[in-house]
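Q: What follows is each chain in one-letter form.
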Amino acid sequence: MTKELAAALADFDEDMLLETLKTRLESGEPPLSLLKELQKGMGMVGERYNKDYFLSDLMLSADLFQRSMEILAPSLTAQTGDFVGRMVIGTPKGDIHDLGKNIFCSLARGVGFEVMDLGVNVPVETFIKAVKDFKPHLLGFSALLTPGFTPMKEVMDQLADQNLRASLKVIVGGGVVTPTVKEFLGADGFTTDAMDGLKQCKTFLGID
Amino acid sequence: METMNVWERFNAAVSFSEVDRAPVFPMLVSGAARLCGITQGEAWRDHDKAREAIIKCYYDFGYDFACKPNFYYDQVPGILTGAPVRYRTPGKKGGEDDLIQVNERPLFGREDYDKLASLGWNAFWEEQYEKMSGKPFSALIKTQEFGHRIYSEDLKILEDKGIPVYLPATVDSVLMAFSLCRTFLEFSKDLRQVPDKVEKAMQASCDELIKNTLKMCEINGGKIVFIVLERGSGAIYPLSIFERFEWPFLKRFVDAFVSEGITPWLHLDTDWSLNLPYFKEFPKGKCVADLDSTTNIFRAKEVLDGHVCISGDVPASLFSIGKPEEVTAYCQKLIREVGKGGGFMLTSGCECPVDVKRENLMAFVETGLYYRP
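So the sequences go chain by chain: U and S.
Using my numbering, read the first sequence as starting at 40 and increasing by one per residue.
Using my numbering, read the second sequence as starting at 19 and increasing by one per residue.
Same shape as in the complex, but just chain S (with noise of 0.2 Å):
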């Protein structure tokens, strides 16, 4: 018998207390359209049309939390929180029904870290931005307030409706964003190459992105940070570049939000088995590790249990390839083993996918509702 609402049982799971069951809920956002019958394309081009596959998916499954109320350029819609990336969109670059996928490409090139050194994150992107892209920095603010808006409209919409929303707010990780920035390859080289500069602009640029999430926080009126951490993993590099060049400001950023009161939810796609033991050096019970399948979610337990809150990780080849009977059984383990104790979140890992089976999300939504061990 559920005994708490969802915020409860969410925060009740974070700081490792009693629960009545495990918070369940997907990441579902380009899942949704494909399961309400419409397009990629479409629900990049019908905002409306996206925001109610969004809530018709919430309420055919009946899980805890919608992850956002919408699509948006950037996780969610934020003032430089992140890398100014491309997209290859939908019905535009991308065929109708592909998923949105970043168009990897430098947006600033190695002769330009004494300059970010110098000017910051914020201001850097007032000089660079026209370069890069050819647009005035203005219509990128424009842009990026413009989303601000309609997720604020969104929002309001949902929560109307009851439905609750976990993401308001994200920023890359500062390795992430310098990676994207520079491209994988490049980047990697610099780490190499010219590691003092690379060191040098990520100083000048870490506090800047924890002040721009703030803000969103503050506008949005959200109480979760998202922070994207897809490249500075013990599988891609060696920890001598994870302690010098993520570790430092990740601890930055974590330390920044829990004091603001803000969980940061540390989104570790790729093996993060190396780093997980440096975690246990984050403020007790105020953090999500949430795993995407890579790294081992049993020996994740074993490291951060007691001190990280772990979500994930059902893989997204099972939710779009697997039998629902298969689903249930990984459920029904993760709760088992990872829940015991508390501490956990049964989530998919990384993003449900876009063709995920309408009877294995259902089986994965009930199997967090009903079972218990």
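If we strip away everything but chain U, and leave its shape as in the complex, we get (with noise of 0.2 Å):
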């Protein structure tokens, strides 16, 4: 008996989920509304959190979200996604931390977003060259070390320098993230769960 991909995902059935997903795409089906079903899948789990879901099962979410991705991504390349917004993210230098910033990764993907991942010890300039090149409405920090606070303000002075800052919205997570680092750094939000930064993103674009 098949599961619905959405309702397999959510409920963290790997076997059912993978095997549904490449039986569907190898019959035909469109890889974009197999997409859909996955986003819905997402949306289900970001629903669940905080009542029945833990920060273990967005992890287990997005870990799955990403596995389906590989399978339907070479499909995808083709096809022009309506992304509902692009997003550059990555760990500053000097912090390998990237379980958080992965996890944020796959919820923004799972909503739609087309989100640039730079990795972990990413340098300044990467992330100046990634908002040039990608011209994103979003750009992310992720941060468990407080040594990623200086290069994260040098980037966004950079950002001021060269005139990039005022067409994005900066947002910054991790489990080091206060009030404080959002005005040390003059972000426009900041957050240390996954789920909020979503929300926070949405809310910066106007999207439900």
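Keep in mind the hints are simulated off the structure, nothing from the lab.
By construction, the Cβ of each residue, glycine as well, lies at the ideal position given by its N, Cα and C atoms.
Among these hints, one or two may not hold up.
[Stated by the list, open to error] To spell it out: a stretch of chain S is covered by chain U in this simulated footprint if at least three of its residues, at any positions, have a beta carbon under 8 Å from a beta carbon of chain U; those stretches are:
#, stretch
1, 155-167
2, 328-339
[What the hints assert, rightly or not] Result set (DSSO-like, lysine-lysine): computed pairs, CA atoms no more than 30 Å apart in a straight line:
#, chain 1, residue 1, chain 2, residue 2
3, U, Lys90, S, Lys215
4, U, Lys90, S, Lys341
5, S, Lys110, U, Lys61
6, U, Lys168, S, Lys215
Both chains are given apart, each in its own frame, so use the hints to dock them into the complex.
A: Now the structure itself:
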């Protein structure tokens, strides 16, 4: 018996999800409609968060979504996804933590953002180049260590110097992030919670 | 006016007895090197220089304790008291002034839980270590014993200078150890997909982790055990997971250490708000709940007052980019509200950050030493 992709993802029914996705893709179903189902599943995870689901569940759903996308992505390349917004994100230089960032990236992709993930230990100039090249609506910093504050501030200063700041919303997330950090950076938002961060990003862009 | 020495004050705070003031000390290691003008890489390469930085900061700032005498792999060297993780060391795999960070990768597979359950923690690593690292198990033991020896030498140097050290032994909680061994993601999958196997392996490991830790305390002569609890909180897993995979083993840890006259120092990173009510089952006035600023410390006071001493929780960001007057105001609030009626220690929320500002650390210490509500 098959299960809807969305429900399989939201229930962490890994085997069912991946097998069904492959079968339906091979049978010729439009990849974009399969993607929409996966995104619906991520939405269901979001609805369950803070009720039945916890951080570990976000992590598991992010992993499943990522693996589903690896199956789907080759078929999606020729199509133009109707993204709700573009985002650049990375963990600044000196910090190699990526768990929170990876969860956030999958959640954001799950609701239709086009995300350029720069990875960890990202130099200032890489952030600037990505903003210039990718022209995102949003820039996200992920930080678990305080030494990331200074490079993030350098990015913010350079964005301002190069007249790139005004067109961007900037959000910073991570375990050490507080209102003091938001103020220090001059960011638009801050969070210690991936789901809350996503909500803020959607609000920035006027998405429900 | 001070009427107690640091250990009298520490013990009084733990037991909710009257104190002349709350103990005040940061968990300062990486920040000591930066404050003394040496890089993290230099500190890891030059053991004498790193120790001198820790000693100098103790004298410069005048807080109650050094947390440990030097830089070590693992919080404090011990024989199999946690996951044998690999590190990204400054000046080697990490940048010259980067922080040391765990290079997290699976140290055993899902298929190894049964073996762990049948062999127990110590014998399992005798078999597994070479498979995992490509190095013989004897190399791990040799490294850990070397670490132990230099810890003892460092400790003696500090003690001879009259510097008290509060961290003689550390141990990963059972859940923490397993999560580090499997990686956060894989372990979370294991909990869903093979929970019985995980539980059996934990059952087989718990008492050996306790024994290994008690042995460290015996060697180091210490009376505090730092229990690393970073991944079992109610922010990460539902209480059903906590109740099955963290709480029973943590209770065994605490009971074993307390029965030996050792104070369990519960290092609680992430938000433990949902779990705090369980801690009232710990023996009264015997443990410390060390909060990292993620758990609401004021709410924790309401829950644990009169039962479990609270330490914390000046946020890393405040030390790093805050202003001294902000640090002072926050420390005063902690002393007034969490310190009311005793059972409180003013400490950094987790490790004092590497980029702590000198004036902020001084504001923290001076508030602790001189502020009386």
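Q: Look at each hint and say if it fits the structure.
A: Verification of the hints:
Requiring three or more residues with a Cβ within less than 8 Å of a Cβ of chain U, the coverage given for the stretch 155-167 of chain S is violated, as only 0 such residues are present. Given a C-beta distance limit of less than 8 Å, the hint that chain U covers the stretch 328-339 of chain S holds, as 7 residues qualify and 3 suffice. At roughly 27 Å between alpha-carbon atoms, lysine 90/U and lysine 215/S fall within 30 Å of each other, so this suggested pair holds. Proposed proximity of lysine 90/U and lysine 341/S is contradicted: the alpha carbons are some 37 Å apart, above 30 Å.
A distance of roughly 43 Å separates the Cα atoms of lysine 110/S and lysine 61/U; the hinted pair therefore is violated under the 30 Å criterion. Using a Cα cut-off of 30 Å, the hinted pair lysine 168/U and lysine 215/S is violated, with the two alpha carbons roughly 48 Å apart.
Comparing the model with each numbered hint stated earlier shows that hints 1, 4, 5 and 6 do not hold.
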